[in-house]
Amino acid sequence: MSSAISTDLPLARRRILLGVTGGIAAYKAAELLRRLQDAGAEVRVVMTRHAHEFITPMTFQALSGHPVRSALFDPAHEAAMGHIELARWPDLVLVAPCSANTLAKAALGLADDLLSTLMLATDKPLMLAPAMNRLMWAHPATQAHAATLAARGVTLVGPGDGAQACGEIGAGRMSEPEAIRDAVIAQLAAPTGPLAGKKVVLTAGPTREAIDPVRFITNRSSGKQGYALAAALRALGAEVTLISGPVNLPAPAGVTRIDVETAEQMLARAGELAPSADIFIGTAAVADYRAAEVAVQKVKKSADTLSLALIRNPDILATLRAGRPDLFMVGFAAETERLAEHARDKLVRKHLNLIAANQVGDGLAFDTDDNALQVFWSGGEQVIARGPKAEVARTLAGLIAHHYAKATPAA
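Count the sequence shown with our numbering and you get residues 177 to 587, in order.
Hints are not guaranteed to be accurate.
Below 30 Å or equal to it, Euclidean Cα-Cα: the simulated BS3-like pairs (lysine-lysine) are [to be verified]: (1) K477 / K300; (2) K522 / K582; (3) K526 / K476; (4) K375 / K522; (5) K375 / K300; (6) K474 / K375.
Treat the hints as calculated values from the structure; they're not laboratory data.
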(Lines of atoms letter the chains of each structure in order from A and count residues from 1; the text may use other names and numbers.)
(Lines give C-alpha, C1' and ligand atoms only; values in the text may rest on other atoms or scores of the structure.)
Protein backbone atom coordinates (compact mmCIF):
# COMPACT_ATOMS: atom_id res chain seq x y z
CA MET A 1 0.00 0.00 0.00
CA SER A 2 2.66 2.51 1.04
CA SER A 3 4.66 2.06 -2.18
CA ALA A 4 1.80 3.57 -4.22
CA ILE A 5 1.53 6.68 -2.06
CA SER A 6 2.87 9.95 -3.43
CA THR A 7 6.01 11.07 -1.64
CA ASP A 8 4.71 14.64 -1.84
CA LEU A 9 2.12 13.94 0.86
CA PRO A 10 3.04 15.22 4.37
CA LEU A 11 2.91 11.76 5.96
CA ALA A 12 4.29 9.78 3.02
CA ARG A 13 6.01 6.57 4.18
CA ARG A 14 5.13 7.35 7.80
CA ARG A 15 3.74 4.50 9.91
CA ILE A 16 1.05 5.20 12.52
CA LEU A 17 -0.12 2.72 15.15
CA LEU A 18 -3.66 3.83 16.00
CA GLY A 19 -5.00 2.74 19.38
CA VAL A 20 -8.78 2.83 19.82
CA THR A 21 -10.29 2.66 23.31
CA GLY A 22 -13.85 2.28 24.56
CA GLY A 23 -16.15 5.27 24.17
CA ILE A 24 -18.72 6.71 21.82
CA ALA A 25 -15.96 8.74 20.11
CA ALA A 26 -14.55 5.46 18.75
CA TYR A 27 -16.63 6.00 15.61
CA LYS A 28 -14.51 9.08 14.85
CA ALA A 29 -11.41 6.89 14.77
CA ALA A 30 -12.54 5.42 11.45
CA GLU A 31 -12.64 8.87 9.88
CA LEU A 32 -9.30 9.72 11.49
CA LEU A 33 -7.76 6.60 9.96
CA ARG A 34 -8.88 7.68 6.48
CA ARG A 35 -7.58 11.21 6.95
CA LEU A 36 -4.19 9.85 8.03
CA GLN A 37 -4.14 7.65 4.95
CA ASP A 38 -5.09 10.59 2.74
CA ALA A 39 -2.03 12.38 4.14
CA GLY A 40 0.14 9.44 3.06
CA ALA A 41 0.43 7.39 6.26
CA GLU A 42 0.26 3.63 6.64
CA VAL A 43 -1.99 2.87 9.61
CA ARG A 44 -2.40 -0.23 11.71
CA VAL A 45 -5.00 -0.51 14.47
CA VAL A 46 -5.01 -1.89 18.01
CA MET A 47 -8.34 -1.95 19.85
CA THR A 48 -9.07 -2.42 23.52
CA ARG A 49 -11.68 -4.93 24.60
CA HIS A 50 -14.15 -2.16 25.43
CA ALA A 51 -13.66 -0.49 22.04
CA HIS A 52 -15.31 -3.57 20.48
CA GLU A 53 -18.55 -2.50 22.16
CA PHE A 54 -18.69 0.67 20.06
CA ILE A 55 -17.22 -0.25 16.66
CA THR A 56 -16.21 -3.52 15.02
CA PRO A 57 -12.65 -4.59 14.19
CA MET A 58 -13.85 -5.40 10.66
CA THR A 59 -14.37 -1.67 10.01
CA PHE A 60 -10.75 -0.86 10.78
CA GLN A 61 -9.45 -3.92 8.95
CA ALA A 62 -11.34 -2.94 5.81
CA LEU A 63 -10.10 0.66 5.98
CA SER A 64 -6.48 -0.06 6.92
CA GLY A 65 -5.90 -3.20 4.89
CA HIS A 66 -4.29 -4.85 7.93
CA PRO A 67 -5.62 -7.21 10.62
CA VAL A 68 -6.72 -5.51 13.81
CA ARG A 69 -4.91 -6.57 16.99
CA SER A 70 -6.62 -6.71 20.37
CA ALA A 71 -5.32 -9.64 22.42
CA LEU A 72 -2.07 -9.44 24.33
CA PHE A 73 -1.77 -13.23 24.51
CA ASP A 74 -2.48 -14.14 20.89
CA PRO A 75 -0.86 -17.49 19.95
CA ALA A 76 -0.77 -16.49 16.29
CA HIS A 77 1.56 -13.59 17.06
CA GLU A 78 3.17 -14.12 20.44
CA ALA A 79 5.31 -17.08 19.43
CA ALA A 80 7.56 -14.45 17.86
CA MET A 81 6.93 -11.81 20.60
CA GLY A 82 4.52 -10.04 18.27
CA HIS A 83 3.64 -7.25 20.69
CA ILE A 84 7.31 -6.21 20.86
CA GLU A 85 7.59 -6.29 17.08
CA LEU A 86 4.43 -4.17 16.82
CA ALA A 87 5.82 -1.66 19.34
CA ARG A 88 8.91 -1.19 17.15
CA TRP A 89 6.99 -0.84 13.86
CA PRO A 90 5.45 2.66 13.96
CA ASP A 91 6.89 6.14 13.74
CA LEU A 92 4.17 7.29 16.14
CA VAL A 93 1.72 5.65 18.54
CA LEU A 94 -1.59 7.55 18.45
CA VAL A 95 -4.45 6.72 20.83
CA ALA A 96 -7.74 8.26 19.71
CA PRO A 97 -10.04 8.21 21.49
CA CYS A 98 -8.07 7.85 24.71
CA SER A 99 -10.33 7.00 27.63
CA ALA A 100 -9.70 8.12 31.21
CA ASN A 101 -8.72 4.55 32.04
CA THR A 102 -6.11 4.32 29.28
CA LEU A 103 -4.79 7.80 30.12
CA ALA A 104 -4.27 6.64 33.71
CA LYS A 105 -2.52 3.47 32.57
CA ALA A 106 -0.14 5.48 30.40
CA ALA A 107 0.70 7.83 33.27
CA LEU A 108 1.18 5.05 35.82
CA GLY A 109 3.05 2.68 33.50
CA LEU A 110 0.46 -0.09 33.75
CA ALA A 111 0.45 -2.82 31.10
CA ASP A 112 -2.50 -5.19 31.43
CA ASP A 113 -3.67 -5.35 27.80
CA LEU A 114 -2.12 -5.08 24.36
CA LEU A 115 -2.49 -1.32 23.92
CA SER A 116 -1.14 -0.35 27.35
CA THR A 117 1.74 -2.80 26.87
CA LEU A 118 2.58 -1.24 23.51
CA MET A 119 2.58 2.25 25.04
CA LEU A 120 5.06 1.08 27.64
CA ALA A 121 7.19 -1.04 25.31
CA THR A 122 7.70 1.52 22.54
CA ASP A 123 10.43 4.14 22.24
CA LYS A 124 8.47 6.07 19.59
CA PRO A 125 6.55 9.32 20.18
CA LEU A 126 3.20 8.92 21.92
CA MET A 127 0.17 11.10 21.13
CA LEU A 128 -3.13 10.88 22.99
CA ALA A 129 -6.53 12.38 22.11
CA PRO A 130 -8.52 12.25 25.38
CA ALA A 131 -12.27 11.65 25.24
CA MET A 132 -14.44 11.33 28.33
CA ASN A 133 -17.22 12.89 30.38
CA ARG A 134 -16.50 16.47 31.46
CA LEU A 135 -16.36 15.57 35.16
CA MET A 136 -13.97 12.70 34.48
CA TRP A 137 -11.68 15.07 32.56
CA ALA A 138 -11.87 17.71 35.31
CA HIS A 139 -11.19 15.21 38.11
CA PRO A 140 -7.89 15.97 39.90
CA ALA A 141 -6.63 12.43 39.25
CA THR A 142 -7.14 12.78 35.48
CA GLN A 143 -5.58 16.24 35.46
CA ALA A 144 -2.58 14.91 37.40
CA HIS A 145 -2.18 12.06 34.91
CA ALA A 146 -2.37 14.49 31.98
CA ALA A 147 0.24 16.75 33.58
CA THR A 148 2.53 13.78 34.22
CA LEU A 149 2.31 12.68 30.60
CA ALA A 150 2.87 16.19 29.26
CA ALA A 151 5.97 16.53 31.46
CA ARG A 152 7.32 13.32 29.90
CA GLY A 153 6.93 14.74 26.42
CA VAL A 154 3.70 12.95 25.50
CA THR A 155 1.54 15.07 23.18
CA LEU A 156 -2.08 15.53 24.23
CA VAL A 157 -4.45 16.74 21.53
CA GLY A 158 -7.54 18.26 23.12
CA PRO A 159 -9.97 17.49 24.52
CA GLY A 160 -12.40 20.02 23.10
CA ASP A 161 -15.46 21.70 24.59
CA GLY A 162 -19.06 21.11 23.59
CA ALA A 163 -22.06 18.83 23.84
CA GLN A 164 -21.29 15.28 24.94
CA ALA A 165 -23.06 12.00 24.25
CA CYS A 166 -24.24 11.88 27.87
CA GLY A 167 -26.16 15.11 27.31
CA GLU A 168 -23.82 17.32 29.32
CA ILE A 169 -21.75 20.21 27.98
CA GLY A 170 -18.11 20.91 28.78
CA ALA A 171 -14.51 19.88 28.15
CA GLY A 172 -13.97 16.22 27.29
CA ARG A 173 -14.97 15.78 23.65
CA MET A 174 -12.38 14.13 21.44
CA SER A 175 -10.78 16.60 19.06
CA GLU A 176 -12.02 16.41 15.50
CA PRO A 177 -10.17 14.02 13.14
CA GLU A 178 -8.80 16.93 11.08
CA ALA A 179 -7.24 18.51 14.16
CA ILE A 180 -5.67 15.22 15.24
CA ARG A 181 -4.35 14.58 11.73
CA ASP A 182 -2.81 18.07 11.71
CA ALA A 183 -1.17 17.35 15.06
CA VAL A 184 0.32 14.15 13.65
CA ILE A 185 1.61 16.06 10.63
CA ALA A 186 3.13 18.69 12.92
CA GLN A 187 4.83 15.92 14.89
CA LEU A 188 6.13 13.82 12.01
CA ALA A 189 6.34 15.86 8.82
CA ALA A 190 9.78 17.13 7.87
CA PRO A 191 9.95 20.75 9.05
CA THR A 192 9.74 23.39 6.37
CA GLY A 193 9.61 27.15 6.57
CA PRO A 194 11.93 30.03 7.44
CA LEU A 195 12.71 28.61 10.91
CA ALA A 196 13.20 24.98 9.87
CA GLY A 197 15.84 23.36 12.03
CA LYS A 198 16.02 26.29 14.47
CA LYS A 199 15.56 25.72 18.19
CA VAL A 200 13.20 28.15 19.89
CA VAL A 201 12.71 28.31 23.65
CA LEU A 202 9.63 30.22 24.74
CA THR A 203 8.14 30.99 28.17
CA ALA A 204 4.41 31.51 28.66
CA GLY A 205 1.72 31.94 31.27
CA PRO A 206 2.01 33.32 34.79
CA THR A 207 4.24 32.23 37.64
CA ARG A 208 3.08 31.45 41.17
CA GLU A 209 5.06 32.51 44.21
CA ALA A 210 4.01 30.78 47.44
CA ILE A 211 3.05 32.73 50.57
CA ASP A 212 2.05 29.65 52.57
CA PRO A 213 0.92 26.12 51.64
CA VAL A 214 -2.42 27.40 50.26
CA ARG A 215 -1.80 30.97 49.06
CA PHE A 216 0.38 32.44 46.36
CA ILE A 217 1.17 35.61 44.39
CA THR A 218 0.29 35.49 40.71
CA ASN A 219 -1.27 37.54 37.90
CA ARG A 220 -4.05 37.39 35.31
CA SER A 221 -2.07 35.86 32.44
CA SER A 222 -3.89 32.95 30.77
CA GLY A 223 -0.93 31.92 28.61
CA LYS A 224 -3.06 32.02 25.46
CA GLN A 225 -0.84 34.45 23.52
CA GLY A 226 2.33 32.55 24.38
CA TYR A 227 0.78 29.20 23.45
CA ALA A 228 -0.52 30.64 20.17
CA LEU A 229 2.95 31.99 19.40
CA ALA A 230 4.51 28.59 20.13
CA ALA A 231 2.12 27.01 17.61
CA ALA A 232 2.83 29.71 15.02
CA LEU A 233 6.61 29.26 15.36
CA ARG A 234 6.21 25.49 15.04
CA ALA A 235 4.24 26.09 11.82
CA LEU A 236 7.27 28.02 10.50
CA GLY A 237 9.41 24.92 11.02
CA ALA A 238 10.98 25.69 14.38
CA GLU A 239 11.71 23.08 17.03
CA VAL A 240 9.84 24.72 19.91
CA THR A 241 10.21 24.09 23.63
CA LEU A 242 7.55 25.80 25.74
CA ILE A 243 8.34 26.50 29.40
CA SER A 244 4.92 27.05 30.89
CA GLY A 245 3.64 28.45 34.13
CA PRO A 246 0.31 27.11 35.52
CA VAL A 247 -2.33 27.39 32.78
CA ASN A 248 -5.40 25.47 31.67
CA LEU A 249 -4.27 24.89 28.07
CA PRO A 250 -3.14 21.83 26.09
CA ALA A 251 0.35 21.92 24.61
CA PRO A 252 0.33 22.93 20.93
CA ALA A 253 0.87 20.05 18.51
CA GLY A 254 4.52 19.30 17.90
CA VAL A 255 5.69 21.52 20.76
CA THR A 256 7.62 20.18 23.76
CA ARG A 257 6.12 21.54 26.99
CA ILE A 258 7.88 21.85 30.35
CA ASP A 259 5.70 22.80 33.33
CA VAL A 260 7.04 25.04 36.08
CA GLU A 261 5.46 27.12 38.83
CA THR A 262 7.84 29.78 40.16
CA ALA A 263 10.08 32.38 38.53
CA GLU A 264 13.17 30.61 39.85
CA GLN A 265 12.02 27.31 38.35
CA MET A 266 11.34 29.02 35.02
CA LEU A 267 14.81 30.58 35.03
CA ALA A 268 16.43 27.25 35.88
CA ARG A 269 14.80 25.45 32.96
CA ALA A 270 15.45 28.36 30.60
CA GLY A 271 19.09 28.38 31.67
CA GLU A 272 19.39 24.68 30.85
CA LEU A 273 17.97 25.17 27.34
CA ALA A 274 19.43 28.56 26.37
CA PRO A 275 22.96 27.32 25.51
CA SER A 276 21.63 25.27 22.58
CA ALA A 277 18.82 27.64 21.53
CA ASP A 278 18.79 29.83 18.43
CA ILE A 279 15.95 32.06 19.65
CA PHE A 280 14.59 32.80 23.12
CA ILE A 281 11.19 34.46 23.57
CA GLY A 282 9.94 35.58 26.97
CA THR A 283 6.15 35.87 26.77
CA ALA A 284 5.56 34.71 30.36
CA ALA A 285 4.14 37.18 32.87
CA VAL A 286 6.78 36.49 35.50
CA ALA A 287 6.09 37.70 39.04
CA ASP A 288 8.55 40.50 39.85
CA TYR A 289 8.55 39.69 43.56
CA ARG A 290 8.17 36.68 45.85
CA ALA A 291 7.67 36.27 49.58
CA ALA A 292 10.88 36.73 51.55
CA GLU A 293 9.82 33.80 53.73
CA VAL A 294 7.25 31.15 52.86
CA ALA A 295 5.20 30.11 55.89
CA VAL A 296 5.35 26.40 56.63
CA GLN A 297 1.76 26.39 57.87
CA LYS A 298 -1.29 28.32 56.69
CA VAL A 299 -1.18 31.93 57.89
CA LYS A 300 -4.13 32.41 60.23
CA LYS A 301 -6.36 35.48 60.31
CA SER A 302 -5.41 37.05 63.62
CA ALA A 303 -5.14 40.81 63.05
CA ASP A 304 -6.82 43.57 61.07
CA THR A 305 -3.72 44.07 58.92
CA LEU A 306 -0.95 41.83 57.63
CA SER A 307 2.45 42.88 56.34
CA LEU A 308 4.15 40.72 53.76
CA ALA A 309 7.84 41.18 53.04
CA LEU A 310 8.71 40.67 49.37
CA ILE A 311 12.03 40.27 47.59
CA ARG A 312 12.78 40.64 43.90
CA ASN A 313 12.72 37.63 41.64
CA PRO A 314 15.61 37.06 39.23
CA ASP A 315 15.32 38.76 35.84
CA ILE A 316 15.13 35.90 33.33
CA LEU A 317 15.89 37.95 30.21
CA ALA A 318 18.80 39.80 31.79
CA THR A 319 20.29 36.60 33.22
CA LEU A 320 20.10 34.77 29.89
CA ARG A 321 21.52 37.74 28.00
CA ALA A 322 24.52 37.85 30.33
CA GLY A 323 25.24 34.20 29.57
CA ARG A 324 24.52 34.35 25.82
CA PRO A 325 25.36 37.77 24.33
CA ASP A 326 24.80 36.32 20.84
CA LEU A 327 21.36 34.78 21.48
CA PHE A 328 18.48 36.27 19.47
CA MET A 329 16.06 37.37 22.17
CA VAL A 330 12.49 38.64 22.09
CA GLY A 331 10.82 40.16 25.13
CA PHE A 332 7.24 41.09 26.00
CA ALA A 333 6.03 44.14 27.88
CA ALA A 334 2.54 44.34 29.38
CA GLU A 335 1.84 47.99 30.14
CA THR A 336 -1.04 50.03 31.53
CA GLU A 337 0.43 53.41 30.51
CA ARG A 338 3.15 54.99 28.32
CA LEU A 339 3.44 51.77 26.38
CA ALA A 340 5.95 52.86 23.73
CA GLU A 341 8.20 54.62 26.25
CA HIS A 342 8.38 51.66 28.63
CA ALA A 343 8.81 49.13 25.83
CA ARG A 344 11.67 51.00 24.17
CA ASP A 345 13.39 51.39 27.55
CA LYS A 346 13.15 47.64 28.17
CA LEU A 347 14.41 46.91 24.65
CA VAL A 348 17.59 48.89 25.25
CA ARG A 349 18.10 48.06 28.92
CA LYS A 350 17.87 44.29 28.39
CA HIS A 351 19.70 44.27 25.04
CA LEU A 352 16.83 42.61 23.19
CA ASN A 353 16.49 42.13 19.45
CA LEU A 354 12.72 42.69 19.53
CA ILE A 355 10.10 43.55 22.10
CA ALA A 356 6.34 43.06 21.73
CA ALA A 357 4.29 45.38 23.92
CA ASN A 358 0.59 45.28 24.67
CA GLN A 359 -1.84 47.41 26.61
CA VAL A 360 -3.36 45.51 29.53
CA GLY A 361 -6.08 46.19 32.08
CA ASP A 362 -9.72 47.22 31.66
CA GLY A 363 -10.52 43.99 29.84
CA LEU A 364 -7.55 44.15 27.46
CA ALA A 365 -5.18 41.23 26.67
CA PHE A 366 -5.41 39.23 29.92
CA ASP A 367 -8.28 36.69 30.11
CA THR A 368 -9.38 37.46 26.53
CA ASP A 369 -9.12 35.68 23.19
CA ASP A 370 -7.91 38.72 21.26
CA ASN A 371 -4.93 41.03 21.52
CA ALA A 372 -3.02 43.83 19.82
CA LEU A 373 0.74 44.40 19.85
CA GLN A 374 3.27 47.10 19.13
CA VAL A 375 6.60 45.56 18.21
CA PHE A 376 9.80 47.58 18.58
CA TRP A 377 13.37 47.02 17.46
CA SER A 378 16.41 49.21 17.07
CA GLY A 379 15.41 51.76 14.45
CA GLY A 380 11.88 50.55 13.80
CA GLU A 381 8.48 49.45 14.97
CA GLN A 382 5.33 47.74 13.68
CA VAL A 383 1.75 47.67 14.91
CA ILE A 384 -0.07 44.34 14.89
CA ALA A 385 -3.77 45.21 14.80
CA ARG A 386 -6.25 43.78 17.27
CA GLY A 387 -7.47 40.34 16.36
CA PRO A 388 -7.68 36.75 17.62
CA LYS A 389 -4.52 35.77 19.47
CA ALA A 390 -3.77 33.05 16.91
CA GLU A 391 -3.72 35.65 14.10
CA VAL A 392 -1.63 38.05 16.15
CA ALA A 393 0.77 35.19 16.87
CA ARG A 394 1.16 34.32 13.18
CA THR A 395 2.03 37.92 12.32
CA LEU A 396 4.49 38.16 15.21
CA ALA A 397 6.09 34.81 14.33
CA GLY A 398 6.66 36.03 10.77
CA LEU A 399 8.23 39.22 12.09
CA ILE A 400 10.52 37.26 14.40
CA ALA A 401 11.60 34.97 11.54
CA HIS A 402 12.32 38.00 9.33
CA HIS A 403 14.47 39.77 11.92
CA TYR A 404 16.23 36.58 12.91
CA ALA A 405 17.22 36.01 9.26
CA LYS A 406 18.54 39.58 9.06
CA ALA A 407 20.54 39.15 12.26
CA THR A 408 22.00 35.81 11.18
CA PRO A 409 22.58 36.02 7.41
CA ALA A 410 24.76 32.92 7.39
CA ALA A 411 22.05 30.75 8.97
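Going through the hints against the structure:
1. With a C-alpha separation of about 52 Å, the suggested pair K477 and K300 falls outside the 30 Å cut-off, and the hint is violated.
2. A threshold of 30 Å between alpha carbons decides the hint, and for K522 with K582 the separation of about 21 Å falls inside it, so the pair holds.
3. Simply put, K526 and K476 have alpha-carbon atoms about 40 Å apart, too far for the 30 Å limit, and the pair is violated.
4. Restraint check for K375 and K522: the C-alpha separation of about 24 Å stays at or below 30 Å, so the hint holds.
5. Distance restraint check for K375 and K300: the Cα-Cα separation of roughly 21 Å lies within the 30 Å cut-off, and the hinted pair is therefore satisfied.
6. For the given pair, K474 sits about 42 Å from K375 by alpha-carbon distance, which is inconsistent with the 30 Å threshold.
Hints 1, 3 and 6, counting from the list given before, are not met by this structure.
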